[in-house]
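Protein chains in written order, with the working numbering: chain A, 1 to 364; chain B, 365 to 728; chain C, 729 to 1092; chain D, 1093 to 1456.
Hints are supplied without guarantee of correctness; some may be wrong.
Claimed, not checked - Think about it this way: if two alpha-carbon atoms lie no more than 25 Å apart in a straight line, the pair counts; the simulated BS3-like pairs of lysine-lysine are: (1) K530/B <-> K567/B; (2) K166/A <-> K203/A; (3) K894/C <-> K1258/D; (4) K567/B <-> K691/B; (5) K894/C <-> K775/C; (6) K530/B <-> K166/A.
What the hints assert, rightly or not - Some, not all, of what chain D presents toward chain C, calculated at C-beta under 8 Å: (7) H1095; (8) I1207; (9) L1319; (10) G1321; (11) A1349; (12) D1358.
Said to hold, decoys possible - Negatives, chain C to chain A, calculated, CB over 12 Å: (13) G806; (14) S899; (15) A932; (16) S934; (17) V1050; (18) D1051.
Derived by calculation from the structure, the hints in this document are not laboratory data.
Glycine residues also receive a C-beta, built at the ideal position from the N, C-alpha and C atoms.
These are the residues of each chain, in order.
There are 4 protein chains.
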Amino acid sequence: MSHNSFGHLFRVTTWGESHGPAIGCVVDGMPPGLAFRQADIQAWLDKRRPGQSRFTTQRREPDEVRVLSGTMPGEHDGELIATGTPIALEIENVDQRSKDYGEIARRYRPGHADITYDMKYGIRDYRGGGRSSARETACRVAAGALARLVVPGVRVRGALVQIGEKRIDRSRWDDAEIDRNPFFCPDAEAAREWEGYLDGVRKAGSSVGAVIEINATGVPAGLGAPLYGKLDADIAANLMSINAVKGVEIGNGFESATLTGEANADEIRMGNDGRPHFLSNHAGGILGGIATGQPVVARFAVKPTSSILNPRRSIDADGNEVDVVTKGRHDPCVGIRAVPVGEAMVACALADHYLRHRGQTGRG
Amino acid sequence: MSHNSFGHLFRVTTWGESHGPAIGCVVDGMPPGLAFRQADIQAWLDKRRPGQSRFTTQRREPDEVRVLSGTMPGEHDGELIATGTPIALEIENVDQRSKDYGEIARRYRPGHADITYDMKYGIRDYRGGGRSSARETACRVAAGALARLVVPGVRVRGALVQIGEKRIDRSRWDDAEIDRNPFFCPDAEAAREWEGYLDGVRKAGSSVGAVIEINATGVPAGLGAPLYGKLDADIAANLMSINAVKGVEIGNGFESATLTGEANADEIRMGNDGRPHFLSNHAGGILGGIATGQPVVARFAVKPTSSILNPRRSIDADGNEVDVVTKGRHDPCVGIRAVPVGEAMVACALADHYLRHRGQTGRG
Amino acid sequence: MSHNSFGHLFRVTTWGESHGPAIGCVVDGMPPGLAFRQADIQAWLDKRRPGQSRFTTQRREPDEVRVLSGTMPGEHDGELIATGTPIALEIENVDQRSKDYGEIARRYRPGHADITYDMKYGIRDYRGGGRSSARETACRVAAGALARLVVPGVRVRGALVQIGEKRIDRSRWDDAEIDRNPFFCPDAEAAREWEGYLDGVRKAGSSVGAVIEINATGVPAGLGAPLYGKLDADIAANLMSINAVKGVEIGNGFESATLTGEANADEIRMGNDGRPHFLSNHAGGILGGIATGQPVVARFAVKPTSSILNPRRSIDADGNEVDVVTKGRHDPCVGIRAVPVGEAMVACALADHYLRHRGQTGRG
Amino acid sequence: MSHNSFGHLFRVTTWGESHGPAIGCVVDGMPPGLAFRQADIQAWLDKRRPGQSRFTTQRREPDEVRVLSGTMPGEHDGELIATGTPIALEIENVDQRSKDYGEIARRYRPGHADITYDMKYGIRDYRGGGRSSARETACRVAAGALARLVVPGVRVRGALVQIGEKRIDRSRWDDAEIDRNPFFCPDAEAAREWEGYLDGVRKAGSSVGAVIEINATGVPAGLGAPLYGKLDADIAANLMSINAVKGVEIGNGFESATLTGEANADEIRMGNDGRPHFLSNHAGGILGGIATGQPVVARFAVKPTSSILNPRRSIDADGNEVDVVTKGRHDPCVGIRAVPVGEAMVACALADHYLRHRGQTGRG
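The following block holds chain A by itself, in its conformation from the complex:
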């Protein structure tokens, strides 16, 4: 048991605070023989990096990842082969800008973990949110880059499907659009509308929440184990562990509650390939906690950040009532940068379950 590790056979331990010298993770359980390059991991990190657009925080971090263990050089230039021993990944913190946080040292920003860290530990690293900072999510993305290699043929793709009260039109969903706009939005028209909208939110010094959808294809049937090793339960926990997440759903999710049994069940026929063929996917690819082989669909809700430029009533560590205003960096929608993080967390859950399933049943 560890409060700072997740997964079992594919196990990730992360460490590091926003303003410490570095952040990192240890990935334990990478199957021996898998090949990758530092550049592969770097590419996923670059997707996540702050300062990408005017809509995400302007902290300038190169987020250059170093691979410190667990590999041997492969035959080709830059190729690394996992040896089966733990892979340590490390990212230096470059742009801490301590002065941005000087005033905040003893104040509890509402909606943040400042007050609860003090309640729990009696001490906290207040600089940039310390361990609760979204900076740590770079470690998750790095680990996720390795996780993606574990299940042969799997593909994990995230998209922003809602921002504030604005939802995409699913009939206009185009995967190729996701990487073309600053929002990871699969609906080009919505993306255009969101630009003006978010500009307004940002200039007002305010923020909004978001909903992100993760689709994983190529998930082998059988992953996940009843009753307390369910794939969806682990996906839910992994996504809920991301900063600012307040809800998770699988397939039709909360909408399932409104449906009848007839409407919700995914009927089955035999396909031309002699394999079961589901006629729909309300289940989101998971039944009884076990993957069906269909795309796994998960959505999670990110609350609006409370680090806004408008004053909020709060207290400080000495019990004084104060107003809190966040100067410096301000993110109008932290949900945007959560997209690659959600992908990584789902990838890690799939990698873990792939190895566990293979362990118990010999299949996979």
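Fit chains B, C and D to the known structure of chain A by using the hints.
Coordinates of chains B, C and D only, in the frame set by chain A:
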């Protein structure tokens, strides 16, 4: 790691299939010295028991729980004192009615785990759903009864807040109403309306989903540990592990996505008691994965059961296309019986985190 | 994490006290499809049962094991097929003889866990040693019976190699002899000598210790994972968890310390089968925590029981100085009955590592 | 579950190979508020460092440890306060000397893990033993430095009590002597004798084994949990995980087997302080897996290294029969440097159990 256990310091392992001789659980980590009675556990089980009303399945199980280990007799009659060693609880299966399931042996009921168990294991106990049967939830409720004793002063209460598309009116919320109607509904007016509604659903041989809300008060601030031992992540996993659950949310949940930072943050003032006083609870009692001391509020969505009287298209284990009709027991809304189960899963998470927090920090 | 479970992918949870209504275990992770019979488990339990000879405790327990979950009936009579879900095994306690322990309720028997249970928990089940009783080892043996089926071709065999100061002559080792004498001793001549010796010890109201050796053949190379999932570390922990064990060694064990590098290394040549062939087995089948494919050899030391008929100076729970004399059942050498238990613990470690190795590497 | 982490509430994850850029560990569970200095950790590492005497390997590593996370600066210069979040420690590898190992790339050194790593993973980092190298033990010592701070008043001290066939005279035991000779030997006379002895072994290109004893005082009664969370079982596993360890014993250990119940039991009287007073400590401070409050005494046996200058028969990865001679660094007794490592592993077990005991019972 175990696929059939959850929790760490307060750890529950369950076993048993729908049609086996018994079901049971082992509760490991009960703090020594805590006192309880078999009757306490029995009371919570009776709340859950099938056959309570015409709206829940008509299987007649006395669900009488036996305490087989982990206690010494207390001074008072019937009193048991936990010794700190594992407490084994066992419940005999009495009313299996095998003939109800005879036809279903090789057929995959859509929306059920039948097909995925076969995909994973190559073998399954098809009688009554085997290990995937809701019968196992009796074990969770029994374990939850013990969990409720671990955190001094905690109270965990569940309520049905939505059935199909019908939501309660929160302004009419009355805790005392919850135990007075067959739905665990806190809105008396809604409860009356739901009777007729569900009667219609049942007679039509159909089913609907539901949303359940769990409120826990008396939760000490500090429970939960960043980043991968978060209280809300564990609550989410515990609730998602319940049969037919497709979504979980904390506090404002998915609604948070639609709010601004101003609207969503819970501002803080100093109370007359010299302690922090939150002006609202959009966070649902958890910030950064740690309890704030406010009520913990979680909701989960239960999909409509696919065991309905109307034929569904499916296949069988030999690859033949068939129609599946569920005869025998039929639940128009399985969400109703999930209320005590959700309570138990939240209680177990709180007990576990109470001990873990006390372990790492010495507080509690 | 659990104090009452061991193993990861093959995970065993035990429960039950000496004088409770029953004892049992839950075996989680049995690969689906494996076939066995209740009689198979029963046979291993019968080997362990008290009352077998005048040298082991005279408590009369039929130790009849019931299989309560996790299986489906196979084609043949009495055959059970594991479904991959947890298998609950239960054994009723029949012969508790409370009156034997009446005087001991508040006294701390020296060398027993009485005092430490009170120090830890502030409460203990004193009847028959409660949870610390060797009665619980029946659960281990039952779990071990299932574990033996997991690794194809593995065979785990224990033998008593030393009793008090008397060691066997290894040159007279005959496997077939092990089941022919009351000591599980592979040296027929030593077994004859030990009869008279132990009779004398028993009549003197005294006791002696023992050393047991476990040999496992058919262990696939590759089991065990550096650095903290080493096969020998888990075997050591499993054996050390048995009551009264004070030492564990692998291969040459403590004798290795006295050897030179030349004498201790197992040199390697190529066998006629084109596979590596070790010229010796000082390593006991494990190098760097990983199995070599050679027989795994482990030995453990069992201290003499302190439950003897001669008075010992001690105290009671109220702080009074008292003399403690154990009446009733008296075991002159508890090490004898530890032989099947040691086998079971090694079998469980091997099963667990087989699944873990297969999980991480896909081999097995 | 992780193959590269140990402990539960005080959990250590290590990473790094002999010839990688660095090695490190993540310590998770340090109680918040504990203060320490980088220099404290460095001191323990310096005790372990290679190149200390002509009897230990001549690799020159400064082993300078960096603290990368999990702390806030304290009031005093250089003081660090644990925040309760994971503490990452890192040590750069400076003196790899690849050329020393060039010839060995495909050869399996007998007695080493070379062959088993290949059997398990199909790939290994052969440079300097890769992950199986004793280099990793620096991480354990660093983690142990933190562990020592967790249990108030605990003191963990190791000593070499046997080298080859030469044992110390326990009647001459002097703690102060341990740090005065190159052997961590508490018997000054034996230390003098061992110098000449080991010089001879080294010049002969040979090696011998050793036995190390760890004594821990100030261990609170109650640590450890039956049945599978026993303090001695965890100590055994932790010690067995150290390179080249083949046996572990507690208290009288294997000698217990030769004693009678009368001789072995530790009788109890009441002390002048009104607390239980044991008249001896054959149990080594642990009864029934739980600490009694007496000194915890553990011994472990280290085999002689097989990296010797005399040729050994072996094979290589292509199945050719070869002779293996280790040039370069040669350790006549690797057991010497295992002393600080054994201390660290016991300290970590005690820290972990202290938090677990406090968690389950609220005591400590």
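Consistency of the hints with the structure:
1. K530/B <-> K567/B: holds (18 Å)
2. K166/A <-> K203/A: holds (18 Å)
3. K894/C <-> K1258/D: holds (24 Å)
4. K567/B <-> K691/B: Judged against 25 Å, a Cα distance of about 13 Å means the pair holds.
5. K894/C <-> K775/C: holds (23 Å)
6. K530/B <-> K166/A: holds (24 Å)
7. H1095: holds (3 Å)
8. I1207: holds (7 Å)
9. L1319: With a minimum Cβ separation of about 6 Å from chain C (threshold 8 Å), the hint on L1319/D holds.
10. G1321: Holds, because the Cβ-Cβ distance from G1321/D to chain C comes to roughly 3 Å (cut-off 8 Å).
11. A1349: At 4 Å from the nearest chain C Cβ, A1349/D passes the 8 Å test, so the hint holds.
12. D1358: holds (6 Å)
13. G806: Per Cβ check, G806/C is outside 12 Å of chain A; nearest 25 Å; holds.
14. S899: Answer for S899/C: holds, closest chain A Cβ roughly 41 Å.
15. A932: At about 48 Å from chain A, A932/C clears the 12 Å cut-off, so the statement holds.
16. S934: The claim holds: S934/C sits with its nearest Cβ about 44 Å from chain A, beyond 12 Å.
17. V1050: holds (41 Å)
18. D1051: The claim stands: D1051/C keeps its Cβ more than 12 Å from every Cβ of chain A (closest is about 44 Å).
Checked against the numbered hints above, the structure breaks none of them.
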